[in-house]
Amino acid sequence: MSTRQRFRGREPGASGRGTLAAREARTGLALISPTVVLVLVLVVLPILWTVVLAFQDLRLIRLRTAGVFGDYTVDNFVDVFSSPGFWEALVTTLVYAGCGTASAVGLGLVAALALRRPFRGRGFVRASMLLPYVAPVVAATFVWGVMLNPQFGIVNEIGTRVLGWDEPIAFLSERPAALVTVIVFEMWRSFPFAFLFLTARLQAAPATLEEAARVDGATPTQVFRHIVWPQLLPTIAVLALLRFIWTFNNFDDIYLLTGGGAGTEVISVRVFDYLVSRGDIGAASAQALVLATVLTVLVAVYFRSAAKDEVA
Amino acid sequence: MTRMVTAPAESPAAPDTRPSRAPTGRRWSRNTVETRVLGVLRWIVIAGLALFTLFPFYYMVLLSVRDLSSLLDAPARLWPVLSELTVGTYRDVLTPTGSGGQGFLRFMANSGLIALGTVAVTLLFAVLGAYAIARLRFPGRRKVSVLFLAVYLFPSILLAVPLFVLFTAVGLRGSLGPLVLVYVSQTIAVAIYTLRNYFQTVPASIEEAAAVDGATRFTVLRKVTLPLAMPAILSNGLFVFMIAWNEFLFALLFLVEDRSRWTVSLGLSQLAGSIEIPTTVLMAGSVILTLPIVILFFATERLLTGGLTAGAEKG
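Chains H and X supply the protein sequences, listed in that same order. Residue 89 in the working numbering is what sits at position 89 of the first sequence, and the numbering runs on without skipping anything. Residue 277 in the working numbering is what sits at position 277 of the second sequence, and the numbering runs on without skipping anything.
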């Protein structure tokens, strides 16, 4: 605001038409417009186009002859909703997102609390805690796949030799095990995100409150329960929502670990399969739209809670 | 800050007051038990977490320097034996396919090109956009911010269908340029958001002083604001580089058909299922994929904290 006034004072009628406010608005629009155009063309319009595609009977091989408009149908949704695989995938998605979020945020909280007080080498431990989050997903899933390999993976070696398992477990291709594995992987990969945010929140918490409680004779768990936890709760809520949104739509991890087999097929992997393997654009769009609908509701919840407390 | 937390605990006054209140003979009060148990538990948790997070990376490096036959002989050995160490895996994975290798050098060039292109375009757009949002008043400024936040929250799988169809229809699938633009559209929201926050911390009075001296807005941006925001711009660039280097889904959708255009991520994922290529060679490939990110990550960390402390010293 003050910038604008000073500028007005110092360059009287420098060039161009209109008031200085109008010129500032023009400059602003000019600077932001490349980004807006890019986002409109590559994000907003494609999302809207997905809606159109979902109501069309469109195959990848007939793409060039098909028109963008016309021939609308609800067949895609009928097919998608009447297929048992879809409902199973939806349940799997919810279980995966729910358990993945809870375990990632939970472990992130434990890590933040354990690393709260300084010790020698804390900086290094803290930094290395973030590695799973920044490491390339393809490398991470690959090394996990080898670790869990039934023939020569280290986990099965230790399991059969030290822990006395009868036989190696096919962690990525057996029914209950595979879903648990992808959830544990999600926990490993995403807890650093929660750890980072909760550590920042803990650093902002005033130490005097806890000291006063300790002096008054509160035990460590009582201090946590009644002083630390209430302060962390808003952050945890936002974190949980954000993680749930991203886990709910996560494609890479499950596709790379199991390919969606052995009871781990989530909606996003189904979308990919319909799109690339079957070339059924309509059905893929319809399922993406279901994902988007759930997501929109979640984002709306997020905006409302973010408006309430400025945590994000 | 940290000293303030620890100092009262170390001072002799605090322990002195408590025993006098506690009844005599109760050595194992709830407080003592909790403090001791949590004190031990803390170290167990730290050790367990360090093992959990770091072991996969250690395993990756270990397997990348072992010979396949020795791995199959002793799969449980978790330390390298000098006699069996080999760098042949790295030679195999890097040499071009024409010479019997896996051609990861080519993949690295592709990944690097895409990532650097994404960084350049994102930073150019983001600096201009963030400056506009932070300093200028124009119609729709708030709406633009909301739009970018929504873009940040919308995940890539929802864009996969329309973008795949669009680029197939116009025949641009398989070229690197459009992929760079897609990456820019994915990273620009975060870049603008963080840069805007940083620009807002740069006092407007500095810019005004330059304006007083007759500098135009563009000169102010180039000569004053940009140099001040350099730490934020650099760390943003590294962040964008990491995202573009790591990205998998769009690379898979756009580039999978032509091996000469594969990125490292895509190459590793495509070759991972192959029976002919030894696991140890692919492990060398995943080290090659991961190492630049780990190096950049530790560099960014230092840069970020350096920038923060530099600002604090002046204040």
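What the hints contain is simulated information worked out from the structure, not anything from laboratory work. Every value quoted in this text rests on a predicted model; they were computed, and no experiment measured them. Every residue, glycine too, gets a C-beta built ideally from N, C-alpha and C. A portion of the hints provided could be inaccurate.
[What the hints assert, rightly or not] Here are the computed distance ranges between Cβ atoms for each label pair:
| hint | chain 1 | residue 1 | chain 2 | residue 2 | range |
| --- | --- | --- | --- | --- | --- |
| 1 | X | P227 | H | Q151 | 33 to 39 Å |
| 2 | H | V162 | X | L124 | 38 to 44 Å |
| 3 | X | T32 | H | L233 | 49 to 55 Å |
[To be verified] To spell it out: a stretch of chain H is covered by chain X in this simulated footprint if at least three of its residues, at any positions, have a beta carbon under 8 Å from a beta carbon of chain X; those stretches are:
| hint | region |
| --- | --- |
| 4 | 47-54 |
| 5 | 174-184 |
[What the hints assert, rightly or not] So, partial list: chain X residues that the calculated Cβ filter (under 10 Å) puts toward chain H:
| hint | residue |
| --- | --- |
| 6 | W28 |
| 7 | L38 |
| 8 | T86 |
| 9 | V127 |
Okay, the hints, checked on the actual structure:
1. P227(X) x Q151(H): 33 to 39 Å: Roughly 57 Å apart at Cβ, these two residues miss the hinted range, so it is violated.
2. V162(H) x L124(X): 38 to 44 Å: Cβ of V162(H) to Cβ of L124(X): about 55 Å, so the range 38 to 44 Å is violated.
3. T32(X) x L233(H): 49 to 55 Å: 29 Å, violated
4. 47-54: holds (count 4)
5. 174-184: Check failed, 0 qualifying residues.
6. W28: 12 Å, violated
7. L38: 5 Å, holds
8. T86: 17 Å, violated
9. V127: It holds, given that the least Cβ distance between V127(X) and chain H is near 9 Å, below 10 Å.
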